[in-house]
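Chemist: Sequences are here, hints too, so could you generate the full structure?
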Amino acid sequence: ASDNPRRCVWASCATVCPSGGAMTIAPDLVAQILRLHTVEKWRVGTIARQLHVHRDAVRRVLAGNCAPVPSLPSSSPLRVSRIDPYRPFILATLAKFPTLTAARLHVMVLERGYVGAPSHFRLLIAGMRPHPAAEAYLRLRTLPAEQAQVDWGHFGHLQIGRARRPLMAFVMVLSHSRMVFLRFFLDARMDSFLRGHALAFIAFGGVPRVLLYDNLKSAVLERVGDAIRFNPTLLALAGHYRFEPRPVAPARGNEKGRVERAIRYIRDSFFAGRQFTDLVDLNAQAATWCLGTAADRRWRED
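So the sequence shown is residues 7 to 308, counted in the working numbering.
Read the hints as simulated data drawn from the structure, not as lab findings.
Take these hints with a grain of salt, some might be off.
[To be verified] Across the chosen pairs, the derived CB separations fall in these ranges:
{"#": "1", "residue 1": "245", "residue 2": "280", "range": "19 to 25 Å"}
{"#": "2", "residue 1": "304", "residue 2": "228", "range": "37 to 43 Å"}
{"#": "3", "residue 1": "91", "residue 2": "136", "range": "18 to 24 Å"}
{"#": "4", "residue 1": "304", "residue 2": "238", "range": "15 to 21 Å"}
{"#": "5", "residue 1": "245", "residue 2": "222", "range": "53 to 59 Å"}
Cβ coordinates follow ideal geometry from the N, Cα and C atoms, glycine included.
Modeler: This is the structure:
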């Protein structure tokens, strides 16, 4: 406490100011603002956004000025907006067509008498547009040798003579250990798909019990709900190696997230800026990378 009327006095739950009133910012919030600014080195704007207070309030706290922060009285009516008469129409339209663009909605409300600018209208629509509810996902865990995930990755094109061929990466990832097998092909045809499997099994020294696929044509020819028609060539391969082919559910990328993250990792850690003479040289470098850098990487469950 201090006898100086120019300084704030910390009471039990309020700060006394020169005017004799109480500061509208709670003492715990004042302490949080001071800590974030002094210790964490946050800027005024960052503190205001994260704590949901006005920038002027943050500046007053930092400057030691205890002038009361102006606030809107609960009895004061909110200012009427031009869009208020059209809000029920907009909400009903967005509920029926949630992906309708703001430009089209602006034209529709203009026809009904709205006179606001399109730039401000887009900002208002962004706050009214319905957002899908967040969905929780259960982290999937697998036993050793239980599952692998398979997918193709497109890595641009190679010029071979006069032909411009797509550079496709066959990727198989062991779900438990995250061990990566990587092999590049000049197409994504079925024979390359099968050859990628055989080479991966040789590299891993065995065959996982379950192989998880996206709904690509090399694995799934047709799907209606839970009814699945597998590619018969893949089924023949599964019968030969005694593994179970299993497609992921539609729009469930989390079920095949290990191989998708592995492809992103390949793009960033292996392929970016890499020099190679031909496909044979690229695959030789990929094999060395899989046994070295990729095998030594750490992950959350390592």
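Chemist: Against the structure shown, which of the earlier numbered hints fail to hold, in ascending order?
Modeler: Numbers 1, 4 and 5 - these are the hints that the structure violates, sorted from lowest upward.
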